[in-house]
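Undergrad: For the protein sequence lines, the chains are A and B, in the order given.
Quick note: the first sequence uses this note's numbering, first residue 11, plus one each step.
Quick note: the second sequence uses this note's numbering, first residue 11, plus one each step.
What the hints contain is simulated information worked out from the structure, not anything from laboratory work.
It cannot be assumed that every hint is accurate.
Note that the list lumps identical chains together, so a pair holds whenever it fits in one copy or between two copies.
[To be verified] Below 25 Å or equal to it, Euclidean Cα-Cα: the simulated DMTMM-like pairs (lysine to aspartate or glutamate) are:
hint, residue 1, residue 2
1, Lys-45, Asp-181
2, Lys-45, Glu-31
3, Lys-14, Glu-31
4, Lys-14, Asp-107
5, Lys-14, Glu-144
6, Lys-201, Asp-64
7, Lys-45, Asp-175
8, Lys-120, Asp-107
9, Lys-100, Glu-79
10, Lys-14, Glu-97
11, Lys-45, Asp-64
12, Lys-171, Glu-79
13, Lys-14, Asp-181
14, Lys-201, Asp-162
15, Lys-100, Glu-195
16, Lys-171, Asp-49
17, Lys-171, Asp-64
Just so you know, these numbers come straight off a predicted model, no measurement behind them.
One-letter residues, chain by chain:
Protein chains: 2
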Amino acid sequence: MTIKRVCFVGDSFVNGTGDPEYLGWTGRICAAIRKQGYDLTYYNLGIRRETSADISTRWLPEASRRLPEGCDGGIVFSFGVNDTTIEQGKGRIPFKDSVKNANQILTVAKGLFPVLMVSPPPIADRGQNMRTAELSQQFAEVCHQLSIPYLDVFSSLQASKVWMDEVAAYDGAHPSASGYSQMAELVQRWKAWQAWFR
Amino acid sequence: MTIKRVCFVGDSFVNGTGDPEYLGWTGRICAAIRKQGYDLTYYNLGIRRETSADISTRWLPEASRRLPEGCDGGIVFSFGVNDTTIEQGKGRIPFKDSVKNANQILTVAKGLFPVLMVSPPPIADRGQNMRTAELSQQFAEVCHQLSIPYLDVFSSLQASKVWMDEVAAYDGAHPSASGYSQMAELVQRWKAWQAWFR
Numbered sequence: 011m012t013i014k015r016v017c018f019v020g021d022s023f024v025n026g027t028g029d030p031e032y033l034g035w036t037g038r039i040c041a042a043i044r045k046q047g048y049d050l051t052y053y054n055l056g057i058r059r060e061t062s063a064d065i066s067t068r069w070l071p072e073a074s075r076r077l078p079e080g081c082d083g084g085i086v087f088s089f090g091v092n093d094t095t096i097e098q099g100k101g102r103i104p105f106k107d108s109v110k111n112a113n114q115i116l117t118v119a120k121g122l123f124p125v126l127m128v129s130p131p132p133i134a135d136r137g138q139n140m141r142t143a144e145l146s147q148q149f150a151e152v153c154h155q156l157s158i159p160y161l162d163v164f165s166s167l168q169a170s171k172v173w174m175d176e177v178a179a180y181d182g183a184h185p186s187a188s189g190y191s192q193m194a195e196l197v198q199r200w201k202a203w204q205a206w207f208r
Numbered sequence: 011m012t013i014k015r016v017c018f019v020g021d022s023f024v025n026g027t028g029d030p031e032y033l034g035w036t037g038r039i040c041a042a043i044r045k046q047g048y049d050l051t052y053y054n055l056g057i058r059r060e061t062s063a064d065i066s067t068r069w070l071p072e073a074s075r076r077l078p079e080g081c082d083g084g085i086v087f088s089f090g091v092n093d094t095t096i097e098q099g100k101g102r103i104p105f106k107d108s109v110k111n112a113n114q115i116l117t118v119a120k121g122l123f124p125v126l127m128v129s130p131p132p133i134a135d136r137g138q139n140m141r142t143a144e145l146s147q148q149f150a151e152v153c154h155q156l157s158i159p160y161l162d163v164f165s166s167l168q169a170s171k172v173w174m175d176e177v178a179a180y181d182g183a184h185p186s187a188s189g190y191s192q193m194a195e196l197v198q199r200w201k202a203w204q205a206w207f208r
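Could you put together the complete structure from these sequences and hints?
TA: Next up, the structure:
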């Protein structure tokens with residue numbers, strides 16, 4: 011099956027916040043797929059500040075409306091950075107709740123649609139990045155157990171001068187067009203994404 | 011007040027279906043605003059095939075999550091073409107129900123957010139265009155009574171060879187990049203849209 015409609019579900023990085031071209035990594039990978047001759051419908055369901063807990067309450071009604079039966083829909087999830095933000099002295103979502111939320115979301119999603127997951131990216135905060143990296147490893151394990159492909163973009167982007175410089179120059183969290191292009195390239199090269207189009 | 015987050019709520023034309031650049035008219039007008047120095051967050055809530063009845067049941071939970079209090083959010087609505095499609099011998103939504111739905115949606119929205127409305131565009135079907143033009147006039151009247159700015163793009167696009175040729179060449183309903191660019195230009199020149207950014 012070739013995927014014909016895709017929902018990207020997640021946070022501000024899915025939304026593409028900060029990108030002056032308003033494509034983010036999600037719009038860029040859809041445009042690249044279209045250039046290969048596939049007629050893909052693109053639904054961006056990234057919301058700023060949302061944690062895994064927020065996403066767990068709304069992803070299903072939002073995605074279901076956009077991927078009706080018979081339309082060959084798929085979902086790409088990406089979230090986690092907001093879970094690891096410290097507010098009023100503690101993380102917004104306790105580590106074990108983030109893992110539980112991811113497991114619950116992905117288990118339900120997998121029963122309904124083809125599903126992929128992309129790791130949260132790094133920001134300009136060393137402490138938060140350590141927590142995000144740890145959470146990403148847990149998300150990878152959840153996906154492994156559910157046989158859902160998981161792409162770690164965290165490591166590559168943390169080593170990317172383009173990503174880290176743009177994040178620091180904008181708001182400390184989000185890159186500009188070149189950073190999002192780099193993230194898009196990582197996803198485009200991913201065999202699990204490519205396998206949706208053939 | 012300058013609008014900082016905008017939700018575009020509507021159908022496939024809001025989604026940008028058919029645009030190989032995955033911006034549609036909505037992404038293009040946000041990119042243009044950004045070039046003027048405004049840092050706007052862009053939420054696209056267009057869903058293919060949705061009528062005014064479909065939109066009335068989901069616009070509020072979807073927009074509320076994306077425009078929390080204090081974030082200076084606004085909503086641009088655009089729908090109507092799917093209401094006027096003939097299926098099994100009759101229009102999908104009776105004319106008076108479309109008007110009632112629009113009135114109900116816009117009345118609630120206006121109490122919560124700054125609101126604009128853009129007319130449905132023409133497609134490659136003369137009979138449907140006549141129905142859409144008639145519905146658009148009714149929507150204009152609803153907006154007038156609610157003091158919500160309404161932009162008629164139908165007339166200009168029906169006279170646009172670029173729009174009509176691209177629609178005919180693609181799927182009979184949706185244009186490609188040049189058509190969406192033309193629609194974007196109409197909205198960009200609109201004083202009510204410009205007034206959101208100053």
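Undergrad: For Lys-201 vs Asp-64, is the C-alpha pair at or below 25 Å within one copy, between two copies, both, or neither?
TA: neither (29 Å within a copy, 36 Å between copies)
Undergrad: Please work out whether the CA atoms of Lys-45 and Asp-64 approach to 25 Å or closer within one copy, between two copies, in both situations, or in neither?
TA: neither (34 Å within a copy, 32 Å between copies)
Undergrad: Are the CA atoms of Lys-14 and Glu-144 at most 25 Å apart within a copy, between copies, both, or neither?
TA: neither (34 Å within a copy, 33 Å between copies)
Undergrad: Between Lys-120 and Asp-107, at a C-alpha cutoff of 25 Å, which is it: within one copy, between copies, both, or neither?
TA: Classified as within; 20 Å inside a copy, 37 Å across copies.
Undergrad: At 25 Å max between alpha carbons, let me know whether Lys-45 reaches Asp-181 within a copy, between copies, both or neither.
TA: Between copies only: 18 Å across, 32 Å inside.
Undergrad: Between Lys-100 and Glu-79, at a C-alpha cutoff of 25 Å, which is it: within one copy, between copies, both, or neither?
TA: between (42 Å within a copy, 23 Å between copies)
Undergrad: With 25 Å as the alpha-carbon cut-off, assign the pair Lys-14 and Asp-107 to within, between, both or neither.
TA: Classified as neither; 33 Å inside a copy, 32 Å across copies.
Undergrad: Indicate which option fits the pair Lys-45, Asp-175 if close means a Cα-Cα distance not exceeding 25 Å: within, between, both or neither.
TA: Only across copies: Lys-45 and Asp-175 sit 21 Å apart there, 29 Å inside one copy, limit 25 Å.
Undergrad: For Lys-171 and Glu-79, with the copy left unspecified, which applies at a CA distance of at most 25 Å: within, between, both, or neither?
TA: neither (43 Å within a copy, 35 Å between copies)
Undergrad: With identical chains treated as interchangeable, where does the CA-CA distance between Lys-171 and Asp-49 reach 25 Å or less: within a copy, between copies, both, or neither?
TA: Classified as between; 24 Å across copies, 34 Å inside a copy.
Undergrad: For Lys-14 and Glu-31, with the copy left unspecified, which applies at a CA distance of at most 25 Å: within, between, both, or neither?
TA: Cα proximity of Lys-14 and Glu-31: in one copy and across copies (24 Å, 16 Å).
Undergrad: Could you figure out if Lys-171 and Asp-64 sit no more than 25 Å apart (CA to CA) within one copy, between two copies, both or neither?
TA: neither (31 Å within a copy, 45 Å between copies)
Hints 4, 5, 6, 11, 12, 15 and 17, counting from the list given before, are not met by this structure.
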